[in-house]
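Colleague: Using the hints provided, position chain B relative to the given structure of chain A.
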Amino acid sequence: MRLLLLEDDRSVSAYVAKGLSEAGHVCDVLAEGTDGLFQATRESYDVLVVDRMLPGLDGLSVVRALRAAGVRAPVLFLTALGGIDERVEGLEAGGDDYLTKPFAFAELLARINALARRPPVQDVQTVLRVADLELDMMRRQAQRGGQTIDLLPKEFTLLEVLMRNAGRVVTRTMLLERVWDFHFDPKTSVVETHISRLRAKIDKPFDVALLQTVKNAGYMLHAPR
Amino acid sequence: MRPADLLRRTAFRLALGMMMFVLAALVLASTIGYSLLRQQLVIRQDARVTEIFLALQATSQSGDQTDLVEAMTTRISASPDRSTVYLLRGPDGKVLAGSIPDIWFKPGWSNVDAAALKVATDYPYRIYAGEISGYALVVGLTDADLDDLAEISRSAFGWSALSVLIAAIAAGAVLAARVQARINEVEQILHRVALGDLSARLTVSGRGNDLDQIAIAINHALARLRGLVEAMRQVSADIAHDLRTPLNRLRIRIEAAAEAEARGQPAAADLAAALAESDAISQTFAALLRIAQIEAGAARARFSRLDLSAVMQAVAEVYAEVAEDAGMVLTCQTEAPLFIEGDRELLTQAFANLIENALRHCQPATTISCEVSAFGDHIRASVTDTGPGIPEAERENVLRRLYRLEKSRTTEGSGLGLALVQAVAEVHDADLRLTGAEPGLCVTLSFPKVV
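Just so you know, the protein sequences line up as chains A and B, in that order. One point on numbering: in my numbering, the residue at position 172 of the first sequence is 172, and numbering is uninterrupted. One point on numbering: in my numbering, the residue at position 405 of the second sequence is 630, and numbering is uninterrupted.
Calculated directly from the structure, the hints in this document are not laboratory data. Nothing false has been slipped in among the hints.
No farther apart than 20 Å at their CA atoms in a straight line, the calculated lysine to any residue pairs in the SDA-like style are these:
#	chain 1	residue 1	chain 2	residue 2
1	A	Lys101	B	Ser503
2	A	Lys101	B	Ala517
3	A	Lys101	B	Glu502
4	A	Lys154	A	Glu192
5	A	Lys187	B	His586
6	A	Lys187	B	Ala505
7	A	Lys187	B	Glu581
8	A	Lys101	B	Asp504
9	A	Lys187	B	Ser503
10	A	Lys215	B	Ala494
11	A	Lys187	B	Phe510
12	A	Lys201	B	Glu546
13	A	Lys187	B	Glu542
14	A	Lys187	B	Leu500
15	A	Lys215	B	Leu496
16	A	Lys187	B	Asp504
17	A	Lys204	B	Glu546
18	A	Lys215	B	Leu500
19	A	Lys215	B	Ala505
20	A	Lys154	B	Asp550
21	A	Lys201	B	Asp550
22	A	Lys101	B	Leu514
23	A	Lys204	A	Asp150
24	A	Lys204	B	Asp550
25	A	Lys154	B	Gln538
26	A	Lys215	B	Asp504
27	A	Lys187	B	Asp550
28	A	Lys101	B	Phe510
29	A	Lys215	B	Ala493
30	A	Lys154	B	Ala539
31	A	Lys201	B	Glu542
32	A	Lys154	A	Ser189
33	A	Lys187	B	Glu546
34	A	Lys154	B	Glu542
35	A	Lys187	B	Ala539
Computed footprint of chain A on chain B; a stretch qualifies when at least three of its residues, placed anywhere within it, have a C-beta under 8 Å from a C-beta of chain A:
#	stretch
36	511-522
37	573-581
Backbone N, C-alpha and C define an ideal beta-carbon position, used for all residues, glycine too.
This is chain A alone, in the form it adopts within the complex (with noise of 0.2 Å):
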């Protein structure tokens, strides 16, 4: 993947692209705004990582330009602004996506991940698969080799979001964020519970078990290899 990294501090934007190159993507470094834009619109990128603060121009003006510009490339706004309104002014400005710093390495790549295979909006998925687990949306029901499995509104919404991103890692902010619009870190074991009781239901009765908990980073989903 080719990824854009718009970010005036110089050591946590080598240790970005260094930590983006050994996940096997190619990552170009900018640390300024108008810069960024230019490099933006003359190039193609996958996913575009932009700083809320930037000499120059700032990240919000550099993403309004590029969206007024038709560049269609999904953008992560990294920020230390952590506030409600700053999270709200990125999506309207045409972010996709809103990391708070401090942020761990591993909370960034599985969302620039989840951003770069977001599928177009016009081919909307009716039933997903993973193995022998469907997902059917029209008629919100669950399935594994063929035997129906019963699962409440949230865990259904649940099971969809890792479902879209089957082989990839799901952060438990992702969750909280996507299954529950939880943009909170909550104290006790909310993720860690609904995900115990999707397990049940969807792993438990059966051999291969889809759901694996990936250490340090969240969730993924994947048929077995």
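Modeller: Relative to the frame of chain A, chain B by itself:
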């Protein structure tokens, strides 16, 4: 106070303006009164002249004009000061009797100067000239009363104007001084505030007048300002106090890792601990920032009408299974739907914090009940547990930032959970109350109902 300053005082200018107005009204009233009185006097004078004329005419009815001449002579001698004047001419134009020179008067009413009649007064005369069977009869009456009236009116006006003037200046000065004293006080207090003394307050006289209202509003603004500044000061003190300790621990961990590395021992355990420490620090920091942002009140701009019951139900649903796994029971009872003006995200976090507090501080077999119900003009949302509760003396304290019941701070938790709930309550104009549930704790938020 210099005279120019006095003129700039609002109160004095108002008094002065009022005085001008009263003077104008006085002039108008005097003029109207004078002309009405004068009109009345003229009518009465004319009536007297007519009366005399008719009486003399009656004397001549007998046909013998000697009676008329005699009557006139009597009347003339009865008015030696010539305040009433007479003149009678025969058909041949000869003067038969009279107290004035022989002048021709036009028939009917006329006003004549005293000088023309050779009378030594300053007052004009009211004259009626008529004919009685060929004889020309003139009867006149001086206007002395009218002139007196003008004189009386003038002096009455002068005196009242003078007293109004004195009263207005005196009242204006007194009022201006009183208002000025309070304005000076406002000025002084605001000056003290500008110098940094946020505890300065204006005195409220308790008369409930407009200046009192201004004083109350200023005091309210000052109290709010002080609260905000206090909150800021509190945050910086909290950061200094509560982040330094974990920062110190972080430093020790990193030092330990560096030493281990230097001795060729594995440093991974120390580094992992350092990472956890730094995560905890950034969480505390984020929570403090979030509380400060909520307290700044920016969220109000995003407020919308929402169903509080639905918010509570969604949160309770998330935690029901968490409670079950911890061996507790979580129930949720809501009256549907109950609307308030608010921010869904903040309310969700506040309710989640309350439920998490109960989950973390209670033993298994505890029941946590969430409720939303209408209560008079309020909507109450509460989270009640049957756990150990909080001693009454500590209930105020736990709302403070970074305050924790266990002083040792061994268990997890930043001590910011309830402070955030408090901030969310404040931004929603809701009342946060901690009460004992015998046994246990009941946390209630009372929101004003949306009309």
